[in-house]
Amino acid sequence: DGGITQSPKYLFRKEGQNVTLSCEQNLNHDAMYWYRQDPGQGLRLIYYSQIVNDFQKGDIAEGYSVSREKKESFPLTVTSAQKNPTAFYLCASSIQGNTEAFFGQGTRLTVV
Amino acid sequence: AQSVSQHNHHVILSEAASLELGCNYSYGGTVNLFWYVQYPGQHLQLLLKYFSGDPLVKGIKGFEAEFIKSKFSFNLRKPSVQWSDTAEYFCAVISYGNNRLAFGKGNQVVVIP
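For the protein sequence lines, the chains are Z and A, in the order given.
Residue 110 in my numbering is what sits at position 109 of the first sequence, and the numbering runs on without skipping anything.
Residue 114 in my numbering is what sits at position 111 of the second sequence, and the numbering runs on without skipping anything.
It is possible that some hints are incorrect.
[Stated by the list, open to error] 30 Å max Cα-Cα, derived DSS-like pairs, lysine-lysine:
#1 Lys-108(A) - Lys-84(Z)
#2 Lys-58(Z) - Lys-10(Z)
#3 Lys-71(Z) - Lys-52(A)
#4 Lys-61(A) - Lys-108(A)
#5 Lys-15(Z) - Lys-61(A)
#6 Lys-72(A) - Lys-10(Z)
#7 Lys-58(Z) - Lys-61(A)
#8 Lys-15(Z) - Lys-108(A)
#9 Lys-72(Z) - Lys-64(A)
Treat the hints as calculated values from the structure; they're not laboratory data.
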C-alpha cells in the first residue's frame with residue numbers, strides 16, 4: 002500500500018525527555034511537512050522540507066528539530082525545550098512544494 | 004507572513020440545510036487553495052483544490068468552492084448537507100513564493116439528523 006506512515010499512534014513520555022516521532026512515505030514525494038494540531042488552533046506548521054538534506058522552520062519551530070537524510074523519511078524530535086509538547090502531530094507529503102498534501106494518521110504525544 | 008482565516012468555528016445545522024464556510028487568506032501573490040476534511044477518528048482528506056482556471060471548483064461528496072481573487076476568498080459550499088458531513092473542515096493555502104502550506108483554524112460542523 003502506498004501512503005504515509007506515522008508511528009507510533011500514541012506516545013507517552015516523561016517531562017524533560019526528548020522524543021522522536023517517525024514519518025515514512027513511499028509515495029516518492031519530494032516535499033514533507035510536520036504540523037501540530039491543537040483543539041481550536043487548526044494545524045500549525047512546525048517544519049517543512051522541499052528536498053532531501055534541506056528543511057525550513059515553520060511558524061512554531063521552537064523546541065523541535067528535524068532531519069531529512071532520506072527522501073522517504075522525515076523524523077521529528079520534540080525536545081525538552083518545547084514548553085507544551087502534549088499534542089496531536091501530523092506528518093504530510095506532496096509531490097512538489099505547491100501541490101496538495103497527503104496526511105498520515107497522526108501521533109498523539111502525551112508528556113507527563 | 005501568509006495567514007488563513009476561517010470564521011464561525013462551530014456550525015450546527017440540520018440535514019438538508021445548506022452549508023457555506025468562509026475562508027480568507029492574506030497572501031497577495033500566486034496561490035494554490037485547498038479544502039480538507041477530517042471526519043471523526045480519521046485522517047485529513049482532500050475535499051477539493053484550486054490551482055487555476057474556472058474559479059468554481061467541484062470536489063467530492065457534493066462540495067464546491069469558489070475562488071474570488073479580488074476578495075482573497077475561497078468559500079466552501081454544499082447545497083444540502085447530510086449527517087455524514089459532520090466533520091472538521093480546514094482551508095489551506097500554499098504560495099508559490101515560499102511553498103509553505105498554511106491552514107486555517109478549522110470549522111467544526113455538526114449536522115443533526
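Hints, verified against the model:
Between Lys-108(A) and Lys-84(Z), the direct Cα distance comes to roughly 21 Å. Compliance with the 30 Å bound is thereby established for this hinted pair. Between Lys-58(Z) and Lys-10(Z) the alpha-carbon distance is near 24 Å, which keeps this suggested pair within the 30 Å criterion. Between Lys-71(Z) and Lys-52(A), the direct Cα distance comes to roughly 29 Å. Compliance with the 30 Å bound is thereby established for this hinted pair. As the CA atoms of Lys-61(A) and Lys-108(A) are separated by approximately 22 Å, the hinted pair is consistent with the 30 Å bound.
A threshold of 30 Å between alpha carbons decides the hint, and for Lys-15(Z) with Lys-61(A) the separation of about 46 Å lies outside it, so the pair is violated. Between Lys-72(A) and Lys-10(Z) the CA atoms are separated by roughly 40 Å; this puts the pair beyond 30 Å, and the hint is violated. Straight-line distance between C-alpha atoms of Lys-58(Z) and Lys-61(A) comes to about 33 Å, which puts the hinted pair past the 30 Å bound. Of the supplied pair hints, the one linking Lys-15(Z) and Lys-108(A) holds, its CA atoms being roughly 29 Å apart against a limit of 30 Å.
The suggested pairing of Lys-72(Z) with Lys-64(A) is violated, with an alpha-carbon distance near 33 Å, which exceeds 30 Å.
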